[in-house]
Amino acid sequence: MRFLIVLCAWFASAALAHAADVTVRVTDAAGAPVRHAVVSFAPDGGYRGPIAFDWPYQIAQRNLAFEPAILIAPVGAEVRFPNLDRVRHHVYSFSDGNRFELTLYGRDETRAHRFRSAGIAAIGCNIHDQMRAYIIITDTPFIAITGADGTARLAGASGAGHLRVWHADLRARGGVQSRPARYPAAGAVQEALRVDLRAAHAGH
Amino acid sequence: MPLWAKLRPAALFARLSTKLTVLYAGLFGVGLVAIALMVNTVISANAQRTVRDELAANGAVFDRIWALQEKHLGDSAAILARDFGFRDAVATRDVETILSALDNLRGRLAIDRAFLMTMDGDVVGLDALTDAEADALWVALDARERAAGVLTIAGRPYQAVSAPIRAPDLIGWVVFAAELNRAHLQSFEALAAIPLRADVFARSADGAWLNASSAAVLEALDADVAPRTLRLAGGEAIALAQPLRAFDGGPESRLLLTYPLDRALQAYRPLMGSLAALGVFGVALLALASWFLASTVTKPIAALDAAARALQQGKRMEVATTTRDEIGRLADTFNRMSHEIAAREERITHMAMHDADTGLANRRALAGALGAMENAYVVAVAIDRFAPIRDAIGYRLAAELLRRLGARLQAAAPAGVIARIGPDALALAIACGDEADALACAERLRAAAAGATRLDGANVDIETTAGAAPVESGATQAALDHALIAIEQARQARRRTALFDKSLYGDPARNLSLMSEMLDGITRGDLTLHYQPKYDLRRGAVTGVEALARWTHATRGGVSPDLFVTMAEETGHIDTLTEWTLVRAIADQNVMRAAGLDYLVSVNLSGRLVGDDAFTKLAIELIQDTDARICLEVTETAAMDDPEAALRNIEAYVAAGVSIAIDDFGAGLSSLSYLKRIPAAELKMDKSLIKNLGRNARDALLVKSTIDLAHALGMKITAEGVETQAELALLASMGCDMIQGYVIARPAPVQTLAAAPQRATLRT
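Line order of the protein sequences matches chains C and V. Going by my numbering, the residue at position 121 of the first sequence is 121; the numbering climbs one at a time, nothing skipped. Going by my numbering, the residue at position 383 of the second sequence is 383; the numbering climbs one at a time, nothing skipped.
Chain C with its partners taken away, still in its complex shape:
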């Protein structure tokens, strides 16, 4: 029976031709859905082609917080940092390859930084410790943030590669968990990822 379903799925995906849909469900150790996890599929050998997302590459500072807290941007994208607060901010990141510092700038000023390396850039404000944001600089277009139900949909992922999940509190080096994955050219694939999260610390 199972074989039959797989067979049907394989035929379906083949029919759709490079149009597989991978739905990933992320749960924590207790089985609860994890939101704000970034799930991505990196095909072996890399992805060749332009990557673009339909949201602005911008993290605003509003009410002493970064907005949004998680931003996905393609490698080489210039991310703008408009200051909507009355106070000044000093935005920085020490993340490898994406180290930058936007020294004090005030209200209605916008600075920008071009992120040239794929990876996670943890963004902080040197003045306001509680302000934190993450920019996921991606070199693959198959990437999504889990919603409240802990699922994310990776549209069009196929072939061999690595399924990765990142979360700010994920208990792993670099906060990334990765495993090999192979997806058919077409059809819907359900993936489940279990992650081990740190207990949320104050200030996260």
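In short, the hints are calculated from the structure, not lab data. Don't take each hint at face value.
[What the hints assert, rightly or not] Take a look, some chain V residues computed to stay more than 10 Å from chain C by CB distance: (1) 50; (2) 66; (3) 96; (4) 132; (5) 136; (6) 190; (7) 245; (8) 393; (9) 403; (10) 543; (11) 656; (12) 699; (13) 705; (14) 744.
[To be verified] Here's a subset of chain V near chain C, in silico, CB distances under 7 Å, partners left out: (15) 84; (16) 91; (17) 167; (18) 168; (19) 169.
The beta-carbon is built from N, C-alpha and C at its ideal position, and this holds for glycine as well.
Since chain C is already given, all that's left is putting chain V on it; use the hints.
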């Protein structure tokens, strides 16, 4: 004897003062020891409580200091962790910069250890960790936002605090640690009010103590958070174990605060010392005071004790009275008692040595005086007819009379002790060369004592008789008796003065044994009867015999009848003797009858036996049973004691056919009234009447009158002691019926009588 018996207080303390001293000092000592123990306990408890409180307080202080230190470390770590440049260096793994930053801050803040642990597990600034330790440390840091507590690095405990480094994500931890070394703990110890000691004992992950040495310490470390007493190598200590959180959240470490009990009590040592010294001083003082007090109390008692002992030994003792308390009163009483005892003794001695009536010395006193003399003679002087005189003038004056006599004797012999040795006799001792001297001296004293004396206005003429006796070989009492006997001997000899004649008196002791010997002699046949014939003048023939007892003693020879008959009368053996005589006489009468001699046998009946009803009955039975012809001779005076009984028995004899003769008539006082009443058949004139018959006309007249009197009363008359033919002739001429005496025959045994009967020839 069991030990306890030996240890009785009575045996231990011969002296009351010692007893009291030991008792008081002992009591005080016991009390003092009890107080000392109590004070010691209280002080010890107090000291311990103080130390415990102090330890608890210091525990709290330590907690506070620990927290402050932790905060200090944590703040310092946090400052570093937030430093932008430092974070930059950490994020970019700029080790050189990190090390320099750590060094810089460590030096500035005087922190022993400062190191970094990255999220990747790399340790910067601390080389000593093994990989396992590093992993454990990473886990510990990762487990908490800020770790703080005791961290063991290279086996040494540290107070460590971590601070997270965020950039903005957590990229590592800064750890600052202060070593909990001696210097560090000493700085804490210095804050305590008492010199306590603080030690930190850390534990490994499995709970084992890393640096605790002794079991006592381990026990204390495992205990609850409360001060307790520990027995350490250096002595007892009070300890408080305070828990210290472990840096890695593992088993708690401990802070051990200890304080030696010895030092806790040190502050009280001078107090205890003073108390002990005070106690010793107090006991000594009390012992001294008790001894002094006991001495003042017991000294009079000891004096009384000594006085009582002296009194017991007969010494007169007075005790000085110094107080007015019970002891003083006791001493007073003792003195009075002593005085009374002495007075009583004096009185008793006086009584013992003096005559109560006259106040003169007594026999004992004189005997005492005699004992010291040589060639001593006792001279006794007696008042003649003292009993009638005393009856006449009364006892009081009679005693006065004796005193006068004593005064006269004292005047005659000033040096002598005049003693009363008999109712009528006084005596004194003299020293004389020989008996003649003694006799002369006695006569001189007697004469001095005699003479008229005036008593209560009346003249009393006293005549005296004296007796003297030598003191032989210290027999003073015997000498006194002999002197009295000498008086009797003098009176019997109708003399004024006589020397004791031993031959007349005999030996009293031997006399007493004589009686038992006499009784033996009766059974053995030593006693015999001799018969003296009575010659009938009218019939010209012997018609009767008088039985006379004779005793030939086996060793003494012939014993005088006067002696043993008198003795038998006085000692109550006369009934035995008389019974024997009667039986013997009856038997002998049969012998006489066999020889053709029909004699009336006369037997003397003692005055005592005349009044004896039992003897009378016995005698009558004896005589009647044998058909004997017996005449009983009784003296006239014998009937005087109990005339009724005497007359009743005499009448019984007469009724039984026994003749009665009145013996010794004329020798004593004769009572014609009794003579009249006695139904006698015969009257025997005493030989004293016959003795001067031939020479004295008055005596002849008296004899003639007596013969006539007897005849007038219907009695035959017998003259005794007739020795000459002239007397016999005269008596015959006077009408005398019978003659008895040497002129007829001497007493002779019955055999002699039977063999040659007397045929008196009268030369008329």
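Verification of the hints:
Taking the minimum C-beta to C-beta distance to chain C, about 45 Å, the non-interface status of residue 50 (chain V) holds against the 10 Å cut. At roughly 24 Å from the closest C-beta of chain C, the C-beta of residue 66 (chain V) stays outside 10 Å, upholding its exclusion from the interface. For residue 96 (chain V), the shortest C-beta to C-beta distance to chain C comes to about 17 Å, beyond the 10 Å cut-off, and the non-interface label holds. Even its closest Cβ contact with chain C, about 19 Å, leaves residue 132 (chain V) beyond 10 Å, as expected for a residue assigned away from the interface.
Every beta carbon of chain C lies more than 10 Å from that of residue 136 (chain V), the smallest distance being close to 17 Å; the non-interface claim holds. Once the 10 Å rule is applied to beta carbons, residue 190 (chain V) is consistent with being away from chain C; the minimum gap is 38 Å. With a closest Cβ-Cβ approach of about 20 Å to chain C, residue 245 (chain V) is found to remain outside the 10 Å limit, as its non-interface label requires. For residue 393 (chain V), the shortest C-beta to C-beta distance to chain C comes to about 154 Å, beyond the 10 Å cut-off, and the non-interface label holds.
The beta carbon of residue 403 (chain V) is kept farther than 10 Å from every beta carbon of chain C, the shortest such distance being approximately 147 Å. Non-interface call for residue 543 (chain V) relative to chain C: holds, since the shortest CB-CB distance, roughly 182 Å, exceeds 10 Å. Here residue 656 (chain V) stays apart from chain C, with its beta-carbon at least about 166 Å from theirs, past the 10 Å limit. The Cβ of residue 699 (chain V) sits about 182 Å from the closest Cβ of chain C, beyond the 10 Å cut-off, so the non-interface label holds.
Listed as a non-interface residue, residue 705 (chain V) keeps its Cβ farther than 10 Å from every Cβ of chain C; the least gap is roughly 183 Å. Chain C leaves residue 744 (chain V) outside its interface by the beta-carbon criterion, the shortest separation being 182 Å against a cut-off of 10 Å. A hinted interface residue such as residue 84 (chain V) counts as satisfied when its beta carbon comes closer than 7 Å to some beta carbon of chain C; here the least separation is about 5 Å, so the hint holds. A hinted interface residue such as residue 91 (chain V) counts as satisfied when its beta carbon comes closer than 7 Å to some beta carbon of chain C; here the least separation is about 3 Å, so the hint holds.
A cut of 7 Å between beta carbons decides the hint on residue 167 (chain V): the least distance to chain C is about 5 Å, and the hint holds. This hint holds: residue 168 (chain V) has a C-beta 3 Å from the nearest C-beta of chain C, less than the 7 Å allowed. Satisfaction of the interface hint for residue 169 (chain V) is found here, the shortest Cβ-Cβ separation to chain C being roughly 4 Å, below the 7 Å cut-off.
Violated hints: none; the structure is consistent with every hint.
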